[in-house]
Structure formats: structure tokens, C-alpha cells
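Asker: Protein chains in written order, with my numbering: chain A, 1 to 363; chain B, 1001 to 1363.
To be clear, the hints were calculated from the coordinates, so they are not data collected in a lab.
Cβ atoms here follow ideal geometry from the backbone N, Cα and C, with glycine treated the same way.
Careful, some of the hints might be misleading.
As the list claims (entries may be wrong) - EDC-like cross-link-like pairs, simulated, lysine to aspartate or glutamate; straight-line CA separation at most 20 Å:
(1) 106/A with 1161/B
(2) 39/A with 25/A
(3) 1166/B with 161/A
(4) 333/A with 1112/B
(5) 166/A with 1237/B
(6) 1070/B with 1028/B
(7) 1333/B with 308/A
(8) 1333/B with 346/A
(9) 166/A with 1212/B
(10) 1106/B with 297/A
(11) 70/A with 47/A
(12) 166/A with 1167/B
(13) 333/A with 1101/B
(14) 1166/B with 1114/B
(15) 106/A with 1190/B
(16) 1070/B with 1057/B
(17) 1166/B with 159/A
(18) 1166/B with 1101/B
(19) 333/A with 301/A
(20) 1166/B with 167/A
(21) 39/A with 312/A
(22) 166/A with 1183/B
(23) 70/A with 4/A
(24) 1106/B with 293/A
(25) 1166/B with 183/A
As the list claims (entries may be wrong) - Quick look at which bits of chain A chain B covers, simulated, 3 or more residues with Cβ under 8 Å:
(26) 46-54
(27) 141-150
(28) 167-177
(29) 336-348
There are 2 protein chains.
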Amino acid sequence: MSADDTQEAREQLIDLAAQFYDQFELGEIPHMSVPTRTKNNIEYDEDKDVWVYGDRESTRSANSVRGARKLLKAVYTIEFLADQLEEDRSSTLRELYYLSESWDNKEAQFSDQDESNGLIEDLEIVSGVTREDFHMRPEESGATIMGPLHLREQTRRGEREIHCQKDVGEGGYQIPNNPDTIDFLDCDADFILAVETGGMRDRLVENGFDEEYNALIVHLKGQPARATRRITRRLHDELDLPVTVFTDGDPWSYRIYGSVAYGSIKSAHLSEYLATPEAQFIGIQPADIVEYDLPTDPLSDSDVNALESELEDPRFQTDYWEEQIELQLDLGKKSEQQALASHGLDFVTETYLPERLGEMGVL
Amino acid sequence: MSADDTQEAREQLIDLAAQFYDQFELGEIPHMSVPTRTKNNIEYDEDKDVWVYGDRESTRSANSVRGARKLLKAVYTIEFLADQLEEDRSSTLRELYYLSESWDNKEAQFSDQDESNGLIEDLEIVSGVTREDFHMRPEESGATIMGPLHLREQTRRGEREIHCQKDVGEGGYQIPNNPDTIDFLDCDADFILAVETGGMRDRLVENGFDEEYNALIVHLKGQPARATRRITRRLHDELDLPVTVFTDGDPWSYRIYGSVAYGSIKSAHLSEYLATPEAQFIGIQPADIVEYDLPTDPLSDSDVNALESELEDPRFQTDYWEEQIELQLDLGKKSEQQALASHGLDFVTETYLPERLGEMGVL
């Protein structure tokens, strides 16, 4: 992130606090409105092609002691963040929670971490600045990249130029917490292949899939961290790379795809920043279980419930997903991506992926 | 791993299969004995300073259909592993399980993954070769290193020389699944600081702790992967670096320390390879909760049970641990490592760690 962005984030925060002064001057009770963050209040933005919050708002107002305390905490947090940005430092959500114990006003201290996490989300939404730009680091680190990409990362210790095949070990390039510190210098990749499990990621690297097909292999490590989703979005936007997602064939993995493509309900305000609506699902599709005769496990009750809840989820209401989910409920079965090994260790790279990526128009 | 090691691992496996032929010739029923892997069958090896299996054994014998089937599966697996080593390929435990579906003899196929995992452990124990040397990759990847270490990693794509401060981004160097492919070229570090949480790892890197104190910061990511424990052991053995472990102050985190220092019951046969008995615990110690006046949470019932079970665990039967665990049960409280932020973001690097490492004789 550049010094300009830091300055801008700081100004946005100070503007928020200044609002309260304006409200005082106008004789209003200080207040702050934020969109309600529930499933009923997300809607599709046709222009931007992402899910965003609807019009429902809830208001934090100083007209009650409880509301006044919320605003007090917001102001203390804004001051902390503004100082942090001025000193070019950063901190985690958990550190913010503990740090509040050192604040001089006991009323401003957080009673639990849900409260401080929620406040940071509020501030993201009302300021339009992401928490990374507040220099709030996530706890979970991003995953890794392997493929023909040359990048420059701005670190606190100076710039680092790294080629994500030639300058890294077999583990790949570790995505930093804030990938907006990265500039893409040169890229020979034709598409991004985001992979759920470490075992499959290692299989693709061992089989040289990134070299043979000019793929950028991004390891999702299960539910992807914000940093992983952010860099995927940037690679798509800035380098015009198609994004494909390869997971296990069960409802939990479809949610992983959903989080890459549509974002999560809790962070719909960040969809434009984190989600890649053009991301395509490779599989394991329920149809693949039949077509490739894969080893399966029976669906558990919680699998069935999760599939049924996906049928109700606006993010999965497309013909494609309805067909696949209905098929899976009929089959009563699920398969893992590593089940492809039942046809040999090269089946995934020599047969399955080339066929699927061909069907999808990526290869 | 060198070509010689690969050849040796392959020969060990083939020797195992050859044993069955010898047993046939001697008119014996083919069988294989392995140590029992339970808490009652681990004991302290004074010479090697690690916990190892005792004398209790269980025998897989072809004198029953069930036993014969177990040996059949072992022989098929040995053949698969020997071929894999010959072709210089690798695979995951999960791939082995699925791959067995392609074997011509249905009786040799695994009925679930616990069975194939258990068999690989049996083969490790009886052959004295680790699964990494069979080229079986773990599912979970290792964590990251940041610090003054220059290394060379042998990858399938050639050698990579990487300095773990100068050639990496803020995320650090990603430890490969098999760290025995690494040679240490040059190291200016004075000690290893293994850290449980990502938030604290990032704090130490942001505050430049690795530079100021010549520390190798190894991120454990919760319960450490085999690769992380292995490289820690090698750094200790080959570079003579003291190992210190910094975790949250609760019974689950003491187990993380225990897994670095003593290994786990399930992998006592690997203690010599994975465990670093000289590793010292920094904290958060129960005594630190009092001394540094840290924010706490009350112990839950499961915390209390876990502490009481640690008092019974041979690996924690030292004066130090008994005192700390008794103190914690008296206090009824636990603290996270990030709770140090209640004294400011620099407290951990300017006060807590220098004081604790001084007491421990590391600084």
C-alpha cells in the first residue's frame, strides 16, 4: 500500500469522528448508521456483478447509555487506528481487543473480542476502507502460489522481487497478509487454478501441471483467507486471468467456491474487493462422481442439510448449481478431489483437469 | 533426500517382504510384529533423551483370514512404495488409500483411510524408515521461517538457494513437506523462537525481533506439522541452536510445546527424528499471568480436565511442569500470548521476551 493510500485511510477515519462534532453542532444526538449484516439484507448488484448489502440499516445512537458506549468505543478505536497509520505500524484484531485494556477510560474497553471485531467491520463499512488499509492484520495467514508469475513485494525491510517458480522452494510463494503490497511485474500464466487441499496442490506441483499448462496454482487451504481471495481478485482484474476453483465434491467445498466467487454474507461490503464473480467451478461436480466412477462416501445428515440450505442461498440460485445439487441429493454421495487417485496418480493432470478445463473453455 | 537414501529406503522395504519368504521356507506361518502404540507402552530412553515404545508388541499373523488379509495389504503397499521410490515420485496417505481401489486383488484394498494410515505407521516402525523417506507426503504443509538463515532446497525443478530474510516476502520461507531436501548453507541466528499463533509471529516480524536478536522465527501454526518439527530438530542438531517455544498459556498449548519437545504417543517411533528434547518453554507460563498482570479467561471444565491429564502424562512429570500446572489449577485462569498487548504492542519484544529469554539463559 502506498503512502497516499495510508494518508487517505487516515483521513476517512478522522472524517468519521468529525461527523460526531457536526452532529453536536446541529443539535443532533450523535449517531452512526450501518447496513444490517444478515442473509435477508444481501442483494445482487447487477452492475458490479457481486452480492452487496441492501437498504436495511441499524443505527448506533448516543440516545441510550448502551449506544453512547458503542460510540465511545468507536472513537477510541478511530484514534488508535489513526495513530497506527501515522506511525506506519499494524496490529491484529486480537491485539486491538487486548490493547483496549490499556485505554484510560474503562467505559471504552471491549468486553469481548466479538465486540471489537464487529466494530472494525462497522468502520470498514461506513468508511469504505478495508481493514487491511487500516493496517489491521488478519490472524490467519494467506496461502501459497506456484506458477509463472514474477512479482515485487513491498516489505518493511525493503522491496523483494520474487518469481513464483524460480525463486521459491517446493512450498511456493507465501502470500503476505496484505497482498496490496504486491506489484505484478511479469506473468506467463494463462489461468489461475485455486485448489482446496494441500494433498492435491502438492500432486499438481509434483506432476508439473503449472509448467505444462501455464497455470498459477493457488492453494486455498480450505476456506480461503482474505489475503488469498484478495490476490486472486487482483490477478483476475489486473492480468485478465480466468479463475478456476478445484475442490472436494461436497456442500462445504461448494461454499469454498462460493467464498472465492461471491464473498461471504459477513463481508458483503468487501465483495468488490475480495470476490471474483467470474470464477468458474471445476469440480469435483456431482456429475463427475458418475462420469468418472469415483469412490464415494454417503452423504451425512449434515451434508444433506447443508445442500438443502444452499438451494435456498441466493448465491447458488443458478441453473447449474440447482442441477448439480439436486443430482447430489439423488445420488446420496460425495467424493473428495483426491479420489481421482483411484485411477492412478496422473489421472488428475493427464485426464480429468484437461477434460474439465476444455469443457469450461479455459484450455 | 539423496539418491542413496532413496535406494536404502527401497531396500528396507523389500527386505520386509523377503522376510515372509524366509518364514515360508522355515515352515513358519508368515507374520510381522510391531510395538503396541498406547500411552502404557511408551518409556523414557535415558541415552537418547526421548520417549520411545516399550517392549509390548502385537503380531499380525497369517494364521487367521483377518491377519492374512493384513499381510496381503502390507505386501501390496510395499510393492507400491518400492515402485514409487524407483520412479522418484511421491504421494499422500489419502492418495494411497484411494489408489488401492485400482489394485487387481480386491482383498488387498483398504476399507478406510485409518487402515492405510495405520499400515504406513507399522511399516515405518518395523523398517526404521520414516514415511518421508518412503516419499509419502503429509496432507498438512509445514509452516514458515523468518530469520538469518541461508539454505539450499533440492526441488524436483533443480536447486534453490534462499535466504530466509532477504529472499522472501513478509510471509517468510515456506517449509517444504520433506525438509530433508534442505541443506543449511550459512546461519547467523543465535536461537530458534517457535511461535504458536500467526498474530504473534507477525508481531515479532513487524517489530524486527529476528533482526535485533538474531532469532529464527518458526511459525508453528497451532499443533506443528511433521515438517516443522523435523526442521526444528535439524536446526538444533546441525547448527547447535537452542530451541525456545512461545505459545498461549493453556493446556492445549502445553501440548504444542510437548509435541516439539517430546513428540506424540502416536509417533514415539519418530521421536529421534522429530522431537527436540532440549526445547525450552518460554510461556505464557501460569506464573506470567500473575507476574505480568495479564488479561485472562476462566479455565473451562475441559481445560481443567486437560491439565489434570497432563499431570498424569509421563512427558510432563517434571518439577517445573507440576508446579506450573498446579499453579494454573489454583488460579483457575488462562491467558493468550497476544494478551501481552494489554501493555502495548511493543511490550512482548521490548520487555517480556528479553526478560524470559534472559531467565532461561538464552539471551
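Asker: Going back to the hint list, which numbers does this structure go against?
Answerer: 1, 2, 5, 7, 8, 9, 11, 14, 15, 18, 23, 26
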